[in-house]
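There are 2 protein chains.
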Amino acid sequence: MRKPKIVIIGAGYGGLMTTVRLQKLIGVNEADIVLINKNDYHYETTWLHEASAGTLHHDKVRYDIRDVIDRSKVDFVQDTVVEINKEGKKVILEKGEVEYDYLVIALGGEPETFGIKGLKEYAFGITNVNSSRQLREHIEYQFATYNMEEEKNDNRLVLVVGGAGFTGIEFLGELTNRIPELCHEYDVDYHKVKIICVEAAPTVLPGFDPELVNYAVSQLERKGVEFLIGTAIKECTPDSIIVGKGEEEPREIKAGTVVWAAGVRGNSIIEKSGFEAMRGRVKVQPDLRVPGFDDVFIIGDSSLVINEEINRPYPPTAQIAMQQGEVVARNIAALIRNKTELETFTFDNKGTVCSLGEDDAIGVVFGKKITGAKASFMKKVVDNRSLYMIGGVGLVVKKGKFKLF
Amino acid sequence: MRKPKIVIIGAGYGGLMTTVRLQKLIGVNEADIVLINKNDYHYETTWLHEASAGTLHHDKVRYDIRDVIDRSKVDFVQDTVVEINKEGKKVILEKGEVEYDYLVIALGGEPETFGIKGLKEYAFGITNVNSSRQLREHIEYQFATYNMEEEKNDNRLVLVVGGAGFTGIEFLGELTNRIPELCHEYDVDYHKVKIICVEAAPTVLPGFDPELVNYAVSQLERKGVEFLIGTAIKECTPDSIIVGKGEEEPREIKAGTVVWAAGVRGNSIIEKSGFEAMRGRVKVQPDLRVPGFDDVFIIGDSSLVINEEINRPYPPTAQIAMQQGEVVARNIAALIRNKTELETFTFDNKGTVCSLGEDDAIGVVFGKKITGAKASFMKKVVDNRSLYMIGGVGLVVKKGKFKLF
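In order, the protein sequences belong to chains P and B. Every letter in the first sequence is one number past the one before it in the UniProt record's numbering, and letter 160, counting from 1, is 160. Every letter in the second sequence is one number past the one before it in the UniProt record's numbering, and letter 272, counting from 1, is 272.
Chain P on its own, in the form it takes in the complex (with noise of 0.2 Å):
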């Protein structure tokens, strides 16, 4: 008897964790298990914010994936994809294809730049390792850079982050912590540094408890970000964003650098592959599989799963796409066993820990406000917490955070 073959396409929160979950679950005789992945390494996507600014670094960040599955039950390939053929059950990658039996989506998401002209071309963004990464020497480039103009352009150390949603109030947090160290490196008057952030909505940190809110806005500000709120990036230029604020006639902002942390699509292979999606977001039935195609789940990023008690979705986050990575392993194990009945997703909301630099935070606990040291360290307990989830206590040794005192 042939064994079916599941495929996972992704090993960010949600594949890894499906990987992990089912590599437990199953026995070698039951099923191959292939993991489809464009690096050969995992990288936390909630701590990129700290690569991006430089206070840590990008290779803490990231794991090999190869020390967290089990590789005789896991066939590891390294390849990106291109297309999923879900008619003809198989993924097209860029040097081959793979045939499947059950497919795990959890390619993650990409950055959703809503139409804005030049942000693609200009803006940078807090993606992956690689833009991380790109995005930390830019700024030290501009730092460097300053002292040998003869004509020295201010400019270049304008910070302008756009989005005041987790991503740009975590990175606007690193920033802060960043800025004073690079000033000393590069010999720049820490007076002449200026960051902004601008955000289109009418708040920062839509659907955050108000007093969190003031708490993280009034401790930025105390760091020196300034806030342009209600405002919208109309364009990005090489060296500057265009921002309108309602009626007020648009202005230019000029800056050394524009970093887009506002707004993340589905990916684009989910539209490119012929899926319903809204915004390369697939609404999933609540076993987790796509409407009609009863072999492929989609989590993660790619996938929308409605908040009944507000009667949104759910912004993507890696809690949710671990907590879907564990129903999908549990619904595949049933799937191959035959059993007709699968499990219901339900998220299970632990709480949220929004960092706003070394040593401060805003939270909800288990329901639980808190603010300060006490949140910046549960940050670190969440942080730890996902790679316990997937690796184990050997990878929380290897890659934890800690603070030594």
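FYI, nobody ran anything at the bench for these hints, they're computed from the structure. All of these numbers come straight from a predicted model, not from anything done at the bench. Some hints here could point you the wrong way.
One copy or any two copies: either way a pair holds, since identical chains are not told apart in the list.
[Stated by the list, open to error] Heads up, simulated DSS-like pairs for lysine-lysine below, C-alpha to C-alpha not over 27 Å straight-line:
no., residue 1, residue 2
1, LYS380, LYS3
2, LYS283, LYS3
3, LYS398, LYS374
4, LYS120, LYS254
5, LYS192, LYS60
6, LYS152, LYS272
7, LYS95, LYS152
8, LYS90, LYS24
9, LYS192, LYS38
10, LYS398, LYS194
11, LYS95, LYS192
12, LYS152, LYS60
13, LYS95, LYS368
14, LYS234, LYS245
15, LYS60, LYS380
16, LYS38, LYS399
17, LYS194, LYS38
18, LYS38, LYS152
19, LYS5, LYS283
With chain P held as given, fit chain B onto it using these hints.
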């Protein structure tokens, strides 16, 4: 009775040596000593190839001027020289002016680009702390950007060094050490990187012993450097250089980084101030004074001293600048004590060592040819010697180069 005022402009090897010698030779009541420098730090020009390649942090190549001067005897002024009014006996600074009775011009050299189009705009220089860290960051940014590109631009990983003189060769040595680290840091395939050295002269390291030159070339070639000898850079563009060899058709070499390490000329302040000079260098009298100006000494890269043996000028080096500084200090002490007989400067060549990266070098020391680890060790001795000469044992301990076995 009014005390004479000695003004030293420039705190490089020559200027700083003059200052520390003067502060020992002269009593507080004999003269006022003023040292003027653009930065509040001295940097080791001969170590900049390391800071530029990123093998040594730039803070290791500089130290605070106030750490080596005796502030009860020397007034330190941080300012930039604009011009010298030699008839009015004053130095015009950006923020003021200073009168002098005796002036020591030790402003250092400037890169000589021989009017080659685009070099000033697009090539990086190994000239000072600012230019070195900009070059280091530029190279890192090229590596960081490579993996971000959808269409990989391999030319981004081409590094061209213009000039196979001392600085060019030493920089190449460091680069060959640094490139594997960069490849690892930015996930770049080592084989994609290309290092090319272009030299217009018919040989590498002109003036060096041919046996040592052969050793250097074969060592660097073994580490991946391609030499284009007898080849002139005709033009530098934002992403390439145009080279020509003899009668051959000029050709373009695409490169992400072009470093100009060929040729030093005297400081442009010299010509601006109306001194008679050749490429910014003034042929000084045997007592190091400027002909016709008995109160003005010029030392270091802006001075020109003929090597009688070969009837050609000595190349500008740290060694000659420091020896000049010692003589100038004694001659000024003589002048303020109304002695008319001044000391004649003769260069005492203690040897030259050219490093080829970590653990390798070539050199002639006390007339003996050396290569490899021995030469590399001697290079560190030479480097520590200039620290010792200026700042004593304390400075060697603080900033010296030691290899820990």
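Checked hints:
1. LYS380 <-> LYS3: Close neither inside one copy (41 Å) nor across copies (66 Å); limit 27 Å.
2. LYS283 <-> LYS3: Neither. Shortest intra-copy (30 Å) and inter-copy (88 Å) distances fail the 27 Å Cα cut-off.
3. LYS398 <-> LYS374: Within. Shortest intra-copy distance 24 Å satisfies the 27 Å Cα cut-off; inter-copy 40 Å does not.
4. LYS120 <-> LYS254: both (17 Å within a copy, 26 Å between copies)
5. LYS192 <-> LYS60: Between copies only: 25 Å across, 31 Å inside.
6. LYS152 <-> LYS272: Only across copies: LYS152 and LYS272 sit 23 Å apart there, 47 Å inside one copy, limit 27 Å.
7. LYS95 <-> LYS152: between (49 Å within a copy, 17 Å between copies)
8. LYS90 <-> LYS24: within (25 Å within a copy, 83 Å between copies)
9. LYS192 <-> LYS38: Only across copies: LYS192 and LYS38 sit 20 Å apart there, 40 Å inside one copy, limit 27 Å.
10. LYS398 <-> LYS194: neither (36 Å within a copy, 35 Å between copies)
11. LYS95 <-> LYS192: between (49 Å within a copy, 20 Å between copies)
12. LYS152 <-> LYS60: between (35 Å within a copy, 26 Å between copies)
13. LYS95 <-> LYS368: So LYS95 and LYS368 fail the 27 Å test inside a copy (49 Å) and across (58 Å) alike.
14. LYS234 <-> LYS245: within (10 Å within a copy, 51 Å between copies)
15. LYS60 <-> LYS380: Within. Shortest intra-copy distance 14 Å satisfies the 27 Å Cα cut-off; inter-copy 34 Å does not.
16. LYS38 <-> LYS399: within (21 Å within a copy, 45 Å between copies)
17. LYS194 <-> LYS38: Answer is between: at 26 Å across copies they meet the 27 Å cutoff, but 37 Å inside does not.
18. LYS38 <-> LYS152: between (42 Å within a copy, 16 Å between copies)
19. LYS5 <-> LYS283: within (25 Å within a copy, 83 Å between copies)
Figure legend: structure checked against the earlier numbered hints; hints not met, in rising order: 1, 2, 10, 13.
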